[in-house]
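Q: Construct the entire structure; sequences and hints are all you get.
These protein sequence lines are chains Y and F, in that order. To convert, note that position 15 of the first sequence is 15 in my numbering; the numbers rise steadily by one, no gaps. To convert, note that position 222 of the second sequence is 222 in my numbering; the numbers rise steadily by one, no gaps.
Note that these hints are calculated values from the structure, not bench results. Here the structure is a predicted model, which means the values were calculated and not measured. Ideal placement from N, C-alpha and C gives every residue a C-beta, glycine not left out. One or more of the hints may lead you astray.
Unchecked claim - So the derived label-pair ranges between C-beta atoms look like this: (1) Y:Pro38 <-> F:Gly360: 22 to 28 Å; (2) Y:Pro37 <-> F:Ser512: 29 to 35 Å; (3) Y:Gly371 <-> F:Gly360: 30 to 36 Å; (4) Y:Pro158 <-> F:Thr747: 36 to 42 Å; (5) Y:Pro358 <-> F:Ser308: 43 to 49 Å; (6) Y:Ser143 <-> F:Ser308: 37 to 43 Å; (7) F:Gly360 <-> Y:Ala160: 25 to 31 Å; (8) F:Thr675 <-> Y:Pro38: 53 to 59 Å; (9) Y:Pro38 <-> F:Thr253: 36 to 42 Å; (10) Y:Gly43 <-> F:Val505: 31 to 37 Å; (11) F:Gly360 <-> Y:Ser386: 37 to 43 Å; (12) F:Gly360 <-> Y:Ala282: 50 to 56 Å; (13) Y:Ala160 <-> F:Val505: 20 to 26 Å; (14) F:Thr675 <-> Y:Pro158: 55 to 61 Å.
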Amino acid sequence: MKLINKIKNNAALFVVAGVLFASCNKVPETPIPSVIPPNPASGISLSATITANADDSLFNRLVIRTGSQAVLNNTLNRYTVYVPNNAAMRNFVNAASGGMIPVASPDAVHSNFLNTTLPIASAGGIVQYNISPQVVTSATITSTFPNFAYPSIINPNPAASALLRLNNYPSKRSNGAWLNNIPLVPGIDVAAANGVIHHTAAVTTPPSAFLWSRINTDADMTYLRAAILRADSGTTATPGTLNSANLQSVLSEFGPNLTVFAPTNAAFSATLTGAIYQGLVAQGFPVGAGTLATATALATATDANGPTVFRNPILFSVLTAQVVKGIVVYHILGDRAFSVNCPTTTTNVRTLLNSAVPTHPGIGITATFTGPGVTAITVKGVGNPSAFPVSINPTPNPFGASDQHFVNGVLHKLNGVLLPQ
Amino acid sequence: MKKITNYLVTFLLANILCITVLAQNTTISGNVRNSATKENAGAVSVTVKDGTTGTYTDDKGNFKLSVKSLPVTLLVSSIGYELQEITVTSTAKLQVEFVPSNALGQEVVVSASRVPQRILESPVSIERINATAIRNAPAVSYYDVLSTLKGVDVTTSSLTFKTPTTRGFSGSGSARVTQLMDGMDNQLPGLNFSVGSVIGLTELDIDNVELLPGASSALYGPGGMNGTILIASKNPFKYQGLSFQVKAGVMNTDKRYRSASPYHNWSMRWAKKVSEKFAFKIGTEIVAAKDWLGYDNRNYERNGTLGSIKAGDRASDPNYDGVNVYGDETTTDIRTAVLNAIGASAAPFLKNFIDTLNNGRPINVSRTGYAESDIVNPNTINYKVSGALHYKITPKIEAVLAGHWGTGNTVYTGSERYSLRDFKIGQYKFELNSKNWFLKAFTTQENAGESFNATVTTRLTNEAWKPSGGSTGWFSQYAQTYLGARLNGATDFNAQTVARQTADVGRPAAGSAAFKTLFDKVRSVPISAGGGLFVDKSDLYMVEGQYNLSSITNKFADILVGANFKQYALNSEGTLFADQNQKININEFGGYIQATRSFLEDKIKVALSGRYDKNENFEGRFTPRATAVVKVAKNNNIRVSYQTAYRFPTTQQQWIDLGVGSNTRLLGGAEYFNTTYQLSTKPTFELAALPTNTSAYKVNKFKAESVATYEIGYKGLLLSDKLLIDAYGYFGEYKDFLTRTLLIQPTSGNVSDVLNALANKIPVSNVGNIYSVPVNSSSKVKTFGWGFSVDYRLPLNFALSGNVYSDELKDVPANFVAFFSTPKYRTNLSIANTGFGPRKRLGFNVSYRWQDAFLYQADFANDFLPAVHTVDAQVSLKLPKTKSILKVGANNLLNQYYVNAPGNSIVGGLYYVSFAYNVF
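A: This is the structure we're talking about:
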C-alpha cells in the first residue's frame with residue numbers, strides 16, 4: 001500500500017509539474033505592434049498657433065472670415081501654412097484698397113478691410129493658396145534650380161477632377177528662402193501639432209489667369225502673340241483641352257508649368273528687321289538703305305490683328321512656321337523659374353527646344369541679387385552676341401514685367417529675342 | 001514490362017511447386033486466457049515446437065490446430081505474456097492460463113535489417129509501437145503517439161495531416177521521410193507528401209509501427225534521408241473477429257479561434273479466418289471535426305527563403321501580408337505602378353508632390369486579404385476504407401490482395417497552404433510472401449479532387465472581383481484616392497486608410513454569399529485556365545521482390561537480395577506539372593544486397609548492405625551501409641553503424657510548372673524548363689546573388705541530395721530486466737542539398753532594372769518574371785545529435801518512461817537556408833499503468849512533452865517558434881464481459897495552444913471519450 005501511495009504521489013507530482021510547464025505556451029499569432037504616429041495629432045493646432053501670435057492677427061482675420069479655422073484645426077491632417085506677417089498684410093491692404101488705406105493705419109482698419117471689403121473669393125484664395133497639404137520644413141525646401149512645386153489646397157476646377165491643385169513654389173538659396181518670389185522672413189518652422197508655419201514678407205496671391213491671356217492682351221507682346229500663332233500653323237487650340245503640339249493651347253490650359261521669357265515688341269521688330277533684310281538680300285535685293293527700309297517696313301507693319309510680319313506671304317520662306325516655332329519655344333522653360341530662382345552665375349538652362357533638339361545647350365541665365373531680392377536678370381541665346389536684360393518689375397500681373405505669375409507658368413519680359421543658333 | 005511479368009510468374013511457380021504439402025490428421029483445440037484477469041486472449045501464437053505448423057487464437061481466445069500425431073509440444077506466445085511450452089498428449093480441449101509478463105525489450109522488429117530480430121539486437125536505432133501501446137496511449141490518433149518516440153518531431157498541418165520526421169529537417173509533408181504502409185510507399189506521386197495520417201491504416205488495424213531514425217536508403221531506397229516509418233497491419237489469420245471503436249470528443253472548448261465543436265471518430269474492423277488457407281479483413285474509419293485553424297495574423301516580409309515576421313497589421317501597414325491571411329500577397333508599389341504615370345502625363349503639376357510622398361520611397365501596398373477561416377472549409381472529414389484477402393497457397397506462402405482507399409478534407413502546408421478537398425487516394429497491392437522471400441506489386445492512385453492552393457485561389461478571387469491592374473483596377477483606385485487624400489492634407493496613414501476603404505467598396509464580405517459564390521467559382525476552375533483548382537490524377541506503380549538466401553549461404557553469411565521497379569505517371573492536365581502537352585512518366589529501378597555474419601559465438605554480428613538506384617533523369621546512386629552489434633552482456637548490446645541515404649528530387653522538384661501570382665512561377669529542375677523558359681539564353685539572374693554578383697545565372701546539373709551518418713548506440717536491460725536503456729549518438733554530413741532559389745528575367749533584359757528595384761525596395765516582380773527553381777546547394781552541412789531513453793517497470797504494472805534527445809546543425813554558411821527546422825532539445829516523460837485496481841481493470845497514461853524554442857524555416861514562412869509544453873492523459877476501464885474498454889482522454893489536456901510550424905494550424909485541447917469493443 002505504501003508503494004502504491006508513493007507511486008500515486010509521484011504521479012500526482014508529475015501531473016502537477018506538467019500542468020505548471022504546460023501553462024507556459026505562447027502562440028505566435030498576434031501582429032507585432034508597429035509605431036503609428038498619434039492620430040489625431042496631439043498638441044496645439046495650426047489655427048490655435050496662428051491665433052496665439054499677435055503678428056499673425058491680420059492673416060488670422062482672413063482665416064476666420066473664410067472658415068479656414070476648421071481646416072487648420074484638423075489634427076487628422078497635416079499642413080504647411082505660409083503666413084504673411086502683419087506688416088505684409090498692411091502692405092497688401094494698402095495695395096488692395098488702391099492706396100485708400102495707408103500702411104500706417106491702425107490694425108483695426110486693416111482688419112475691417114480684410115473682414116468686409118476684400119471680396120470673399122479673394123480672401124479664400126489667399127488663405128488656401130498659402131496652405132500646402134503636407135509638412136514642408138525649411139530643411140526640406142529645395143535649393144536646386146528652379147524650385148519644387150507643392151500643391152496648395154486650391155482646386156481650380158473641382159468639377160474636372162478632384163486631383164487638380166494650384167501649386168506654390170518654395171525654394172531656398174544661400175541668400176534666402178522664398179515662397180514663389182516672396183521672401184520668407186523670421187518665424188519659419190513654427191511647429192504646430194498638425195503642421196508647420198512659415199512667415200512671408202508679402203502676401204502670396206494665387207494666380208487666376210493663364211499665360212496666354214497676358215500674351216494675348218499685352219500691347220507690348222503683340223509680336224510674341226503673332227509669332228506663336230505662326231508657330232501653331234497647322235494645329236488647332238481647342239479651349240478646355242490641352243493640345244501639347246499647339247503652343248497657344250499649352251499657354252492657355254491648366255497643367256503645363258512654364259517660364260516664358262517674353263520678348264517685347266521692340267525687341268522682336270529689331271530682330272525681325274535684321275532677319276528680313278538678310279532674307280531679302282539673299283533673294284536678290286540690293287544691299288543698302290533701301291532694302292533695309294523695306295525690311296523695316298515689313299517687320300513693323302501692323303493691321304487690326306497686330307503685326308503682319310508673320311502673316312505676310314512674301315516672308316513665308318524666311319519666317320517659316322518651323323523657324324518661328326524654334327524661336328518661340330527657345331524662350332520657354334519647362335519649369336517655373338521665378339526671378340529669385342535664377343542662378344547668380346551664368347548657367348545654361350534647357351528650354352522647350354530641347355524636346356526637339358535634345359543636345360541643344362539652352363539659354364544662359366544670370367541673376368543679380370541685392371539681399372533676397374533680384375535686381376537684374378540677363379538671358380542669352382546661343383545665337384545672340386550678348387545677353388538681354390529682363391525688365392525687373394515684380395508688380396503682380398497685369399502691371400508688372402517680371403515674376404508675372406499665372407496658373408500655368410511665370411512670365412518675364414525680355415528686352416531681346418533669343419536666337420537658338 | 002511484359003518481360004518482367006513473365007519472369008515474375010516463372011519465379012512464383014517455381015517457388016510454389018517445390019513446396020510439399022504435408023497431410024495433417026489430428027486436431028488439437030483449446031482456449032487461452034489471461035491468468036490474472038481471466039480474459040480470453042486473442043491473437044496469441046500457438047505453434048508446434050520445432051515444426052512448421054501454427055495458428056492464432058481467435059478473438060474469443062480459441063484455437064484449433066491440426067498435427068500429424070500426438071504427443072506434440074506447443075509454444076504459446078504473445079508480446080506481453082510469458083512464453084509457455086505445453087505438451088499435448090490427447091485431443092481433449094486445452095485451457096491455457098497465459099501469464100502476463102512485464103519483461104522489457106522482448107519485441108521483435110523487422111525493419112532494421114529486413115529480417116526479424118529482437119529489438120535489443122537491432123544494429124541501428126529503432127523505435128517500435130505495438131497495438132497495446134496505441135491502445136493505452138493518451139493520444140487520440142496513433143500518429144500522435146509517434147511524437148512521443150525518441151528522436152521524432154511531428155509537424156501538425158491540421159487535425160488529420162501530421163508529418164513525422166527524425167534528426168532534423170522537419171516540415172509539413174516532408175519528402176525526406178519514407179513512410180511505408182504494409183510495404184507500400186505512401187508518398188503521393190503528384191503532391192509529394194506522405195498520406196499515412198490521412199488515408200493510412202485504420203487505428204484498429206495497426207499491428208505495429210517501426211521507426212528507423214536517420215538515413216536508411218540502403219535498405220528502403222531513395223527518400224529515407226531522415227527516417228523511415230514502417231506501419232504494419234494486422235494479419236486476419238492472427239487477429240480475427242469484429243472490432244469497433246467509437247470516439248466522441250470536443251475541440252475548441254474555449255472558443256478562442258472558433259466555437260466549440262465535436263470530434264467524431266468511428267472505426268470498425270472485421271477479420272475472419274474462413275479456413276486454414278483463407279482469411280479476409282475489412283476495415284473502415286471516419287473522422288469528422290471542425291479543424292484547427294491557421295490563425296497567425298502576424299505580418300510577414302516576403303523575401304524568398306529569407307522571409308521573416310515583421311511588425312504591423314492590416315491597420316498599420318498598407319503592405320500587410322498576414323501569415324494566415326490570403327490574397328494580401330498581391331502587392332505593388334503604387335508609386336511606380338500608378339502615381340508616377342499620373343505625374344508624368346495626366347497631372348504633371350503633381351509630379352513634385354508625388355515625389356515627396358513617403359519621402360520618395362516606394363509606396364508598397366497589398367490587396368486586402370481574407371483569413372484562413374474565411375476560405376478553408378472548417379469541416380475536416382476523413383473517410384478510410386480498406387480490405388484484404390489473404391490466401392495461403394501453401395502453409396508457407398501467403399498471397400495478399402489488399403486495397404486502401406481514403407477521401408476527405410484536410411489542410412496541408414507546402415510552399416503555400418493547401419486546402420485538400422474531396423481528395424481521393426487509393427493504394428492497391430498484390431503480394432506473395434514466404435519466410436524467405438516476398439514479391440509485391442502496388443499502385444498509388446491519386447485524385448486531388450477539389451483541392452486548391454489557398455493563397456493563389458484567394459488572390460485570384462480578388463482579381464475576379466476587381467482586377468489589380470489597369471486604369472480602373474484596384475491599385476489605380478487605391479492610388480488615386482490616396483493621392484487625393486494626401487492633396488487634402490491627410491497623413492500618410494489616414495490617406496492609406498481611406499484609399500483602402502475606397503478601393504474595397506463593394507468587396508465581397510468574408511462569409512457572404514457573394515464571396516462564397518465568387519470563391520467557389522475560382523477554385524473550381526483549373527489552374528491552367530486561370531483558377532485555383534488542381535487537377536492531379538497522378539499514379540505510382542511499383543513492383544518489388546526480395547529473397548533471403550541464408551539457407552544456401554549461411555555457412556558464409558546470411559545474404560539477402562532484392563530489387564524494385566517504380567514508375568511515376570504524372571497527370572495534372574497542366575495544372576501542376578508541365579504536362580499540358582506531353583505525358584510525363586518517370587522510371588526508377590534499384591537493387592540491394594545485404595550480408596550478415598556473426599563472429600565470436602554470436603557476440604559480434606556484422607552486416608554489410610549496398611543498394612543501387614537509377615532514376616531515368618539522374619545518375620545512378622550507390623548507397624552502402626555497414627553495421628555491427630556487439631553483445632557486451634546478455635541483453636546488453638552496443639551498436640555501431642555507417643549509413644548513407646539520398647533522395648532523387650521529388651516529381652514536383654523535377655516537373656512542377658505552377659504560377660503563383662505576381663509574375664512568379666515555380667519551375668522544376670528538368671532540362672525542359674531551361675529550354676522552355678530560356679534560363680540559359682535570356683538574361684537571367686539569381687536574386688539572392690544581387691546586387692553583389694550580376695553575372696548571368698548558370699544552370700547547373702540537377703542532382704540527388706545525399707547524407708552519410710555514423711552512429712553508435714547502446715541498448716540494454718538492467719536491474720533484473722526492469723530497466724531498459726537506449727542511447728545513441730550520431731554524426732551526419734549532407735551534401736547537394738535540394739533547395740530552391742529565385743531567378744529573375746528582367747523584361748528589358750537589363751539587370752540594372754532589377755538592381756534599381758532592389759535599391760528602391762520596389763517589388764522586383766514589377767520589372768521581370770520571377771522563377772523559383774530547385775537547385776543543389778554546393779554547401780555541405782553537418783548534423784549531430786544524441787538521444788537517451790529509459791523505460792522502467794515498477795511493481796503493480798506501473799511503468800515509467802522518459803526520453804531526451806537533441807539534434808543540431810553545424811557548419812551552416814552565412815545566409816544559407818537549410819530548412820533544419822528542429823528544436824535542439826526535446827523530452828517526453830510518461831507514467832502509465834495498463835492494469836491496476838480491482839481485477840486490474842483500470843488503466844491510465846499521463847505523458848508530458850516539451851520541445852525547445854527553435855527557428856523554423858520553410859517555403860511558406862520562417863519564424864522563431866516558442867517552446868511547447870503539452871500534457872496528454874487518459875484513464876481507461878476494461879469491461880471484460882463485453883470485451884470492451886471505456887476511455888476518457890485528452891490530447892493537450894490543458895488546452896495550451898501551440899503551433900509547430902509557422903502558419904500551421906494552432907492546436908488546442910481535444911477531449912474525448914471512447915468505447916472500444918474487441919481491441920487487441
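Q: What are the numbers of the hints that this structure violates, sorted from low to high?
A: When the structure is compared with the hints, none of them turns out to be violated.
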